[in-house]
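Okay, here's what each chain looks like letter by letter:
2 protein chains.
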Amino acid sequence: MDVEAQETPLLQWKPDDYGGVKVNLTEPMTTEDFVPKLRASLVEWRNQGKKGIWLKLADGLENLIAPAKAEGFKYHHAESDYLMLVSWLSDLHNTIPANASHRIGIAAFVLNSNREVLVVQEIGGPFDGTGVWKLPTGVIKEGEGVWAGAEREVEEETGIKTTFKEVLAFRESHKSFSEKRKTDIMFLCELNMKPGTFEIKKEKTEIYAAKWMPIEEYVNQPWNQEKELFRFMANICLKRSQEMEYVGFSTVRTTTSTGRESYLYCNTDHANLLNATRGPASTSTPTSR
Amino acid sequence: MDVEAQETPLLQWKPDDYGGVKVNLTEPMTTEDFVPKLRASLVEWRNQGKKGIWLKLADGLENLIAPAKAEGFKYHHAESDYLMLVSWLSDLHNTIPANASHRIGIAAFVLNSNREVLVVQEIGGPFDGTGVWKLPTGVIKEGEGVWAGAEREVEEETGIKTTFKEVLAFRESHKSFSEKRKTDIMFLCELNMKPGTFEIKKEKTEIYAAKWMPIEEYVNQPWNQEKELFRFMANICLKRSQEMEYVGFSTVRTTTSTGRESYLYCNTDHANLLNATRGPASTSTPTSR
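Residue numbers (our numbering), protein chains in the order written: chain A, 1 to 289; chain B, 290 to 578.
The following block holds chain A by itself, in its conformation from the complex:
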C-alpha cells in the first residue's frame, strides 16, 4: 500500500449511490494542508475502486480550486454559493451525470369571457420597441412546476390570478443561452382566470403595458403571421378560443418512487380520468387539477 496514504490524514468523505465519493468542504483550509490530504485520499479511493469523485467547495475556498485542478479535477457546475468539481478515476466509461442543460419557460394564454386574450409589451429583450403584443412569458424557477410557474408569471406581470389548465404545446430552441450551449424549452400553457380579478395591474420594471386584446387582433399581428413558430402557437390559441377540438396535457399530482413531489402531464382526457378515479385524499389536493 502507498506510504503516503497510510501516513497522511484523508479528506472527510462519504460514498455516493453510484460507487463514487462526495467531499464537501466548507471550512477554510490552506493549500499546504489540502494538497497532501487530497493526494492521499485519491490513492485510497483508487485502491477502493471508487469511480467518480465530487468535490464541493463553498464560498471562500477559492484557494483550493487551482490545486484541485492540478490533481485532475474539472469544473462540473457552480451555483452562487459553491463550486462543484469532479474527477473520474475509473478506466470504465465515464458516467458522471450531466449538468443541468435546459432552461424552462412558459407562455401563458389567458382568455376572458369576451374572447379577449391577456397580452403585454415588454421592457428589454427582443420584443422591446417592436410594438408587438405578446403573451406573458417567464422562466420557471428552481424547484417550481410548469403549472405553478405559469400561474406565478401571469400574476406577477399583470396582477391577474389564474388556475393552470393545460399545456397546449411546447417548443425547443437550441443554442439559446449560456454561451449558446444550452436549450430553452417553452411550454405554451392555457390558464383560467379566477373570478373577480378582471382588472389588470401591470408590473412596472419589465412591462410597458398590459391589456385585454380581441383574440383575432392578437393572432393577426404581422409579427405573429410572419414568424412561423409564432403563427403556429397563435393558431393553437385561436383554435382553443373557438372551442374547436384541440387536446393538450393536464397535470396529475403524484410522487416519485422515492416519495419526491412529482407531476405527470398527460393527455387531458386521460388526466381527468386519472384524477376522477383516485381517492378523495388525492383529488382534494389543491394542485390536482
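The set of hints was computed from the structure by calculation and includes no laboratory data. Because the structure is a prediction, the values reported are computed rather than measured. Positions of the beta carbon are idealized from the N, C-alpha and C atoms, including for glycine. Heads up, none of these hints are tricks.
Straight-line distance between alpha carbons at most 16 Å, and here's what the computed EDC-like set of lysine to aspartate or glutamate pairs gives:
(1) K358(B) to D59(A)
(2) K56(A) to E368(B)
(3) K516(B) to E261(A)
(4) K363(B) to D81(A)
(5) K528(B) to E506(B)
(6) K345(B) to E79(A)
(7) K363(B) to D59(A)
(8) K227(A) to E550(B)
(9) K180(A) to D370(B)
(10) K430(B) to D184(A)
(11) K74(A) to D348(B)
Going by beta-carbon spacing under 8 Å, a handful of chain B positions derived as facing chain A:
(12) I354
(13) A389
(14) V428
(15) V435
(16) F459
(17) E461
(18) S462
(19) T494
(20) G537
(21) T544
(22) Y552
With the hints as your guide, set chain B onto chain A.
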C-alpha cells in the same frame, strides 16, 4: 471623474443585448495586473450605467477567481472548460437570467408487431438489483432535441433503430439532482421501429439485459403496479398498444424568430395538419414528422 478610471487601462469588454457587459478572459494574467484593471473597469461601467457584468474565466485563470469575488462577483455557472461569474451593479431589480435549472430525460416506448415492448435491466442506479424490466431511459445531451435523444438512447442501449412518433406524457420531479436543487423532466416518448432491426444488441456497461416483453407482462410487474407514477405511465403505454384513443404531442420543425433550429411539439392531429399543409421544402426535412 475617478482618477483611477482615467489612468488605468480597462479590461477588454463588449456590451451585451440587455444593458450589460461581457468580459471574456482566456490569456494568463497576474492578480497584480488584473485587480487594478477590474476596479477601473467597474468605475467606468457604473459611470456608463451598465447593469449586469459577466466575467468568463477560461481554464488556467483560477488565480483571478478570489480577487473577482472580493470585488463583488459571484459564481453564475461553470462548464468543464470555464467558470462564469457575475456582478449586478445597478440599483434596479436584478434581472440576471437564471442558470440552467432542469435536466431533460426520456423514456422510450417501442412496441413490435407482436405487442411486445422493448425493455432493459440497468447496471447501477435505483433499479439495480430490483429485477424490474423498464423502458430504455436516458438524458438529453446539450443541444439535442427530445425526439433525437429518444432515438439515440434506444439505439445506444439496445441496437434497435427507431423513428420518434409522439410525446405521450412528461413528468416533473423536483429536488432531483445537483444538491437537490434542480428539476428533472422526463418525456415519455413513443417510437416506431425501423424495418429490419428486430434483433437486440445490448449495450455492455450500463445494461445487464434487454429483451422484447409482452406488454401486459411489462405493465403488470409489481413495481409498475405499486408505484403510482409508474402505473400511470405504464397504463398510457398499454392504452396505446390497444389502439385506444390517446393523443400525444408530435413535432413540427421550424425556426425561432432569429432563425435558430427549433421544434414545436403539439397535439398530434394538429401537428399532422401543420406538416401536411406546408410546402415540400418543409415537409421533406428528415425531422419533420
